[in-house]
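Given chain A, put chain B in place with the hints provided.
2 protein chains.
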Amino acid sequence: MNDQNAADFPTYLNEVADRVTVALDRLIPPAEGPEAQLMRAMRYASLATGKRLRPFFVIAFGELFGAPEKSLLRTAAALECIHTYSLIHDDLPCMDDDDLRRGQPTVHKRFDEATAVLAGDALLTLAFEILSHPDTHQDGSVRCKLIEKLSRASGAQGMVGGQMIDMLAGDVRQDLNSITRMQRLKTGALIAYAGEAACILGGASDQQRSAVTGFTHDLGLAYQIADDLLDVEGNEAELGKGVGKDADAGKANFVTLLGKDGARQRVEMLAEQAKEHLAIFRNRAHLLLQSVDFVLQRRH
Amino acid sequence: MNDQNAADFPTYLNEVADRVTVALDRLIPPAEGPEAQLMRAMRYASLATGKRLRPFFVIAFGELFGAPEKSLLRTAAALECIHTYSLIHDDLPCMDDDDLRRGQPTVHKRFDEATAVLAGDALLTLAFEILSHPDTHQDGSVRCKLIEKLSRASGAQGMVGGQMIDMLAGDVRQDLNSITRMQRLKTGALIAYAGEAACILGGASDQQRSAVTGFTHDLGLAYQIADDLLDVEGNEAELGKGVGKDADAGKANFVTLLGKDGARQRVEMLAEQAKEHLAIFRNRAHLLLQSVDFVLQRRH
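The listed protein sequences correspond, in order, to chains A and B. Under the working numbering, the residues of the first sequence are numbered 12 to 311, in order. Under the working numbering, the residues of the second sequence are numbered 12 to 311, in order.
Careful: at least some of the hints might be erroneous.
Identical copies look the same in the list; a pair holds intra-copy or inter-copy alike.
Quick list of in silico lysine-lysine cross-link-like pairs, BS3-like style, CA-CA up to 27 Å [to be verified]:
no.: 1; residue 1: Lys156; residue 2: Lys120
no.: 2; residue 1: Lys271; residue 2: Lys62
no.: 3; residue 1: Lys156; residue 2: Lys271
no.: 4; residue 1: Lys156; residue 2: Lys81
no.: 5; residue 1: Lys120; residue 2: Lys81
no.: 6; residue 1: Lys262; residue 2: Lys156
no.: 7; residue 1: Lys262; residue 2: Lys286
no.: 8; residue 1: Lys120; residue 2: Lys286
no.: 9; residue 1: Lys262; residue 2: Lys81
no.: 10; residue 1: Lys120; residue 2: Lys262
no.: 11; residue 1: Lys286; residue 2: Lys62
no.: 12; residue 1: Lys271; residue 2: Lys81
no.: 13; residue 1: Lys120; residue 2: Lys271
no.: 14; residue 1: Lys62; residue 2: Lys120
no.: 15; residue 1: Lys286; residue 2: Lys271
no.: 16; residue 1: Lys62; residue 2: Lys81
In short, the hints are calculated from the structure, not lab data.
Pulled out of the complex, with its shape left as it was, chain A reads as follows:
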């Protein structure tokens, strides 16, 4: 980690978050007509303050490879639509039944359940509309590649598959392998997509691509373990969302399987490993290096 640049990262992350919010504001249809409540709900969920971590990885890696800014921003916005839809549906009473998200009432609390289902569906659909448009990239086969990868990362064999396993987790015995696979699907796949999309748009070499994949894989897992630590140690006021859910639901997680110390060590190990993958980019990757500590620090 480069101490000279230690102050850069939060500034850069906020700047990226602001750009993504502006892009989403433009891309989500205006709240007009008798269906206006749908767009209001989409906006309420999408424009709320978030870290925009997945967009950050799209843009930071994409800039490293010299990918066009507009392509990166639209792809980052599409990815954030998918992430936001998954939070809306995950928070529903029949799923995790959460009342708070990003420091505000969840969509089904602020509006109602039907609106939450539909706003999620509409954001999911919007993600693919954004990517399919020629503004995202002049080459249709590049746009299709972005769509194919995003649909795989977020569908039955990616994020949604992981959510299904998580919903059923109370009923089956879980070991470290099964928890790791579940998290790789549920949260890892979208983080990995952020890197993949940047590689596609920036024409990354095979060597660069495998460095990016290694980084997002390790960081994604570290992020989840840190999240489980937070589930034990955190408190509601600090996070703006409910905590201690896994224990209540009788679900195993990294902390119940590894213990607190074991989980902390695993996070450290993965964080170091993630940084090592970036070595080939030298100090051009300093913001990405800083992101590792920043992302994990606030979570353990």
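Chain B only, in chain A's frame:
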């Protein structure tokens, strides 16, 4: 209508339905691993007997324009994924709260609500994965055009927007214009997409395209009015789904606004108009001509 071919249509429709079911069976991931319940629910909803009307229009118009069979079948399957996801979510307790669909328990009744939400999300996502794959068409910009049109037809400014209006309909005054717009979004947009996709894949001329658009517009509306008539006249045993919902929910529909006779006349008028659009295709469109009476007959 060509009497010589009167027997052809049901056979052709069944044949198309079978081909689409086989395609969906191949395209939906196998039910494996701890997430198997997700795939089982996707299959349960998608492979159930249905008319496959939207796929029929993709394939019948596509064949008229000489579009490649494989492209048509994959596009038809993607469209059916969108239609099926919308039924699963629409049937949820927080939406229309239906227990029966296609003659069997709805997904949330057969499985549970969380599985229904996720199976819908996964089918929605799968539709775009199918279209983005090079097997759908060798030209990426054609695939992207299919994706862009489908996302618009099914998103906040299409089907999902129409569903939002329908959910809120109990609370606002509705006239014929607002009901017509709602239905154009909720059910018309996907039927229109079937025709649009065929035009894209078959390289239809502007004149052909506008005939197709006119046809799907009129037929889509006729279909909905016929459905409203069924809501009043039908019975549960015959249809395998609950009826009389609109009246119970205090919602206006075409029958409450036009009366039974007025609604029947409107259906007839739209059916004739739909057929007139097909005149430019002469008797090459005989199956499409027959589809009009077939589709509307069983519904009024």
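Hint-by-hint comparison with the structure:
no.: 1; hint: Lys156 / Lys120; result: neither (37 Å within a copy, 37 Å between copies)
no.: 2; hint: Lys271 / Lys62; result: within (25 Å within a copy, 55 Å between copies)
no.: 3; hint: Lys156 / Lys271; result: neither (40 Å within a copy, 51 Å between copies)
no.: 4; hint: Lys156 / Lys81; result: both (17 Å within a copy, 20 Å between copies)
no.: 5; hint: Lys120 / Lys81; result: neither (35 Å within a copy, 45 Å between copies)
no.: 6; hint: Lys262 / Lys156; result: neither (36 Å within a copy, 44 Å between copies)
no.: 7; hint: Lys262 / Lys286; result: neither (31 Å within a copy, 59 Å between copies)
no.: 8; hint: Lys120 / Lys286; result: neither (40 Å within a copy, 48 Å between copies)
no.: 9; hint: Lys262 / Lys81; result: neither (42 Å within a copy, 45 Å between copies)
no.: 10; hint: Lys120 / Lys262; result: both (25 Å within a copy, 25 Å between copies)
no.: 11; hint: Lys286 / Lys62; result: within (20 Å within a copy, 55 Å between copies)
no.: 12; hint: Lys271 / Lys81; result: neither (42 Å within a copy, 54 Å between copies)
no.: 13; hint: Lys120 / Lys271; result: neither (33 Å within a copy, 40 Å between copies)
no.: 14; hint: Lys62 / Lys120; result: within (22 Å within a copy, 38 Å between copies)
no.: 15; hint: Lys286 / Lys271; result: within (23 Å within a copy, 71 Å between copies)
no.: 16; hint: Lys62 / Lys81; result: within (20 Å within a copy, 43 Å between copies)
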